[in-house]
Amino acid sequence: TEIREKFESLLLEYGQHTESMELHLAYADFLTFDLEQPEVAIQHLDAILPKATSQFSKGLYQMKIADILVFSDQFNQALIMYTQIQYDLKNSELAQEARFKVARTSYFKGDFQWAQNQLKVLKSSTSQLIANDALELSLKIGNNIDKDSLNEGLKIYARAELLGFQQKYRQAIDTLAYVLEQFKGQQIEDDALFTQAVYYEYLANYSSAEVNLLNLLDFHPESLLYDDSIFKLGILYRDHLADPEKAKLMFERIIFEFPSSIYLVDARAAFRKLRGDDI
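FYI, the numbering for the sequence shown is -3 to 275, going by the numbering used here.
A few of these clues could be false.
[Said to hold, decoys possible] For lysine to aspartate or glutamate, the following DMTMM-like pairs were computed, each having C-alpha atoms within a straight-line distance of at most 20 Å:
(1) Lys244 with Asp274
(2) Lys164 with Asp69
(3) Lys180 with Asp214
(4) Lys105 with Glu148
(5) Lys2 with Glu18
(6) Lys242 with Asp214
(7) Lys47 with Glu4
(8) Lys105 with Asp84
(9) Lys54 with Asp107
(10) Lys105 with Asp129
(11) Lys54 with Glu15
(12) Lys164 with Glu35
(13) Lys2 with Glu15
(14) Lys54 with Asp42
(15) Lys105 with Asp69
(16) Lys54 with Asp25
(17) Lys119 with Glu132
(18) Lys242 with Asp223
(19) Lys119 with Glu89
(20) Lys47 with Glu15
(21) Lys119 with Asp107
(22) Lys47 with Glu9
[Claimed, not checked] DEER-style ranges, computed between Cβ atoms:
(23) Lys47 with Gln183: 19 to 29 Å
(24) Gly272 with Leu8: 45 to 55 Å
(25) Asp214 with Arg264: 36 to 46 Å
(26) Gln167 with Glu253: 28 to 38 Å
(27) Glu89 with Pro255: 23 to 33 Å
By construction, these hints were calculated from the structure, which means they are not laboratory data.
Quick reminder that beta carbons are idealized off the backbone N, C-alpha and C, glycines included.
The whole structure should be built from the sequences, with the hints applied where relevant.
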């Protein structure tokens, strides 16, 4: 209640300023994810949209509305809005982000082939962050599509990720538990273990996150998430489980076993700091 009152006070004082866009977007996020009032958030943004001072700021408001529609499981309406942003802001980074969100929303819906079609274009995106996100999602889909095309495990896993996007972490964890039970030993098991560990972290259940990550290391040595799991364990041991020696061991493994890992620089710095080096 206090946060909402503070937002409303700030909006009353500054909401009409041209540079107040971030305030409006933050308020919409608060209404959606914290108060679970997505309809109120969309009404607020719809009222602001005509006052956008540029096509770019209009696109940002539309992007937020589309994200909220995804939160509300209104996938088709969200897809229309993301596509409109692509059309209005062709070749911009915002248009590329909208295309990625088209792919992600299609993935949430279980339309994996259409998602892959969008991701193929984005893997050569000028934005490295978008290109990396596109590659990660493309690999996840490609590695887990069943030959019989039913893709039941991937559909349930995608639903769990949607619940995670909606910040319904307990439900997401339960859904992933079902995936781990029903599809044990299948390709999707390592993804489910890792993602469930992430959601356990969000709920501050660090010991369960540790168990998941150790299981991934023990039973999926060929997983693409292997170095991610080692690095995440290092962070867990250092920041939440009060075991700096284990943390140091994990960071050392990244340095010596995965010299091409994206975590190498951070792991090296973390290892040296734990060792007591002057940095």
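Hints and how they fare:
1. Restraint check: the Cα-Cα separation between Lys244 and Asp274 comes to about 16 Å, which is no more than 20 Å; the hinted pair holds.
2. Of the supplied pair hints, the one linking Lys164 and Asp69 holds, its CA atoms being roughly 13 Å apart against a limit of 20 Å.
3. Restraint check for Lys180 and Asp214: the C-alpha separation of about 14 Å stays at or below 20 Å, so the hint holds.
4. Taking the CA atoms of Lys105 and Glu148, the gap is near 12 Å; set against the 20 Å cutoff, the hint holds.
5. For the suggested pair Lys2 and Glu18, the alpha carbons sit about 15 Å apart, so the restraint of at most 20 Å is met.
6. Distance check on the hinted pair: Lys242 and Asp214 sit about 16 Å apart at the alpha-carbon level, within 20 Å; holds.
7. As the CA atoms of Lys47 and Glu4 are separated by approximately 18 Å, the hinted pair is consistent with the 20 Å bound.
8. Taking the CA atoms of Lys105 and Asp84, the gap is near 25 Å; set against the 20 Å cutoff, the hint is violated.
9. About 28 Å separates the Cα atoms of Lys54 and Asp107, which puts this hinted pair outside 20 Å; it is violated.
10. Simply put, Lys105 and Asp129 have alpha-carbon atoms about 18 Å apart, close enough for the 20 Å limit, and the pair holds.
11. Only pairs whose Cα atoms come within 20 Å are accepted, and Lys54 paired with Glu15 is accepted, the gap being roughly 13 Å.
12. Taking the CA atoms of Lys164 and Glu35, the gap is near 18 Å; set against the 20 Å cutoff, the hint holds.
13. A distance of roughly 18 Å separates the Cα atoms of Lys2 and Glu15; the hinted pair therefore holds under the 20 Å criterion.
14. Note on Lys54 and Asp42: the hinted pairing holds, with a Cα-Cα distance of about 10 Å set against a maximum of 20 Å.
15. At roughly 9 Å between alpha-carbon atoms, Lys105 and Asp69 fall within 20 Å of each other, so this suggested pair holds.
16. Only pairs whose Cα atoms come within 20 Å are accepted, and Lys54 paired with Asp25 is accepted, the gap being roughly 17 Å.
17. Distance hint between Lys119 and Glu132 is fulfilled; the C-alpha atoms sit about 9 Å from each other, no more than 20 Å.
18. A hinted pair counts as satisfied when its Cα atoms are at most 20 Å apart, and Lys242 with Asp223 qualifies at roughly 15 Å.
19. Between Lys119 and Glu89, the direct Cα distance comes to roughly 13 Å. Compliance with the 20 Å bound is thereby established for this hinted pair.
20. For the hint pairing Lys47 with Glu15, the CA-to-CA distance comes to about 11 Å; that is within 20 Å, so the pair holds.
21. A hinted pair counts as satisfied when its Cα atoms are at most 20 Å apart, and Lys119 with Asp107 qualifies at roughly 19 Å.
22. Restraint check: the Cα-Cα separation between Lys47 and Glu9 comes to about 16 Å, which is no more than 20 Å; the hinted pair holds.
23. Between Lys47 and Gln183 the CB atoms are about 49 Å apart, so this pair departs from the stated range of 19 to 29 Å.
24. Taken as a hint, the range 45 to 55 Å holds for the pair Gly272 and Leu8, whose Cβ atoms sit roughly 52 Å apart.
25. Against the hinted window of 36 to 46 Å, the Cβ-Cβ separation of Asp214 and Arg264 comes to about 25 Å, which falls outside the hint.
26. Evaluation of the 28 to 38 Å hint for Gln167 and Glu253 yields a pass: the beta carbon distance comes to about 35 Å.
27. Hint check: Glu89 to Pro255, Cβ distance near 31 Å, so the stated range 23 to 33 Å holds.
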